[in-house]
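> What follows is each chain in one-letter form.
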Amino acid sequence: MSEESSTSLRAVVEELYRTQSRQVLATLIRLLGDFDAAEEALHEAFTVAVEQWEREGIPANPRAWLVSTGRFKAIDGMRHRARFDASLEELARQLETASVSLDAESFDGPSVEDDRLRLIFTCCHPALTPEAQIAMTMREVCGLTTEEIARAFLTKPATIAQRIVRAKSKIRDARIPYEVPPQSELPARLDAVLRVVYLVFNEGYSASSGNAVTRQDLSGEAIRLARVLVQLLPDPETIGLLALLLLQDSRRDARVSESGDVILLEDQDRTRWNREFVAEGAALVQQAFSMGEVGPYAIQSAIASIHAQAADAAATDWRRIVELYDLLLQAESSPVVELNRAVAVAMLDGPAAGLTLIDGLLARGELKTYHLVHAARADLCRRLGQTEEARRAYEQALSLTRQGPERRFLERRLLGLTGQGS
Amino acid sequence: MKYLCLVYMEEKHLHAMPQAERVALSDESMAYCEALTKQGELLSASPLHPVDTATTVRVRNGKVAATDGPFAETKEQLAGYLLIHVRDLNDALRVAAKFPGARYGSIEVRPIKEGGCA
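For the record, the sequence lines run as chains X and H. Every letter in the first sequence is one number past the one before it in my numbering, and letter 356, counting from 1, is 1734. Every letter in the second sequence is one number past the one before it in my numbering, and letter 69, counting from 1, is 159.
One chain only, chain X, in its complex shape (with noise of 0.2 Å):
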């Protein structure tokens, strides 16, 4: 082969790792019922690719060549071992015996489009603590080292690395199934999933402390792995969360200045939105609403859409939005949701009825250390003129948040009150 062709295989290879490397291990996992064992055998199946392939040309289905493949290292790998380890024979007998039935429709069939849902439940899994759901998520699922996940997590890569070998310990020993859930539990299931998928993407989309207040590459591989699961499970849930994503993802540039500061949404040049993604959220978001009953994503996604669809704060539907929040109540009462449908009610009906409701969220005792509270707070107030009690307001806000950007956001709106004279 010439070395022109041999790097072109090289790319054929690399491209089939980023496009296929994720379905092939979940197909193998399932053959070989084990992580571990189904990583070393992707990693072997692609190596025996590249040498094999330059010789022998590209086979008409790479996918199920790198799964057979894989298989067939993983079962020698074993008998190898079985030399020190009797058990081993055992096991690798069953594995080879478990699968002669398995033709090229099972390494390519609908059942792999399965085994990528198997592989996101199981990571999901209730069973696993949720910091190990997106740990095992990210990793197995998405395909990131354990150095990337730490560092998107701001935590390091020993950390993330503890995470999922107990996670994976725990698969093994309390025999957590490789399965989709039936279909009686399915909406729980996939409420824990879809979980993961907006935990991922909130991550990178305000960094909980730090300067940066983006992290792209978590909120892109969360776009991706809810492009994903709508593609496999197209439940309006899923939907409303690909469209919430969307939607607010499409605020990324306009919503911190150059200089790392936070932009609200009613200061945010809109042109600077994705507009793409604005319609392509708007979409999504009709498609969910006709499939019948929305949950809380949906209803999230289609409050983003109004404002999305909005030319200013002024224009926007703060009627259908009000409705909108009451319900997202009905569907999943939280006092953050109450705390963002008073800010709405103070824009359809003026600053003191906001106040109002949100004086009866603090008297409950409900978000007292929430500071976005004291902030919604605080801009009421200062509508209102209540120069004094803004004041206070902010001063509780900041002393409850440590994120760099809100921080000199809060402080410049003190500054300006002090602009204002009291």
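Far from chain X, by Cβ distances over 10 Å, these chain H residues were calculated:
id: 1; residue: L96
id: 2; residue: Y98
id: 3; residue: E111
id: 4; residue: S119
id: 5; residue: A121
id: 6; residue: Q129
id: 7; residue: L133
id: 8; residue: S136
id: 9; residue: V149
id: 10; residue: G159
id: 11; residue: P160
id: 12; residue: Y171
id: 13; residue: R193
Interface residues of chain H toward chain X, partial, derived using beta-carbon atoms under 7 Å:
id: 14; residue: M91
id: 15; residue: D178
id: 16; residue: N180
These aren't lab readings, by the way, just hints derived from the structure by calculation. A virtual CB, placed ideally from N, CA and C, is assigned to each residue, including glycine.
Knowing the structure of chain X, use the given hints to seat chain H on it.
Then chain H, alone, in the frame of chain X:
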């Protein structure tokens, strides 16, 4: 795969329960266990004596230390167990979730390590 389902409840809630309700709960639990036995999934089940009768044994540096009480101080106490034999953790969780005690307390599901002794 075998799993031990540990049923945790607040004893004072149980004691405070009206007699009729307690009897109904006990009947429902027994009926469920009978059904599980028929399905071949239940190996053994038993309620436990109240937590005052519990003793935790630890050996440290070769010395045996027996302490009064359960292994962890929580509001809920270990009230009973079911030893079940099912396919995997999902089935074990399904069985545990249907046990009436799950509505009143918590059930800890622990995989049994095969080939060991306690």
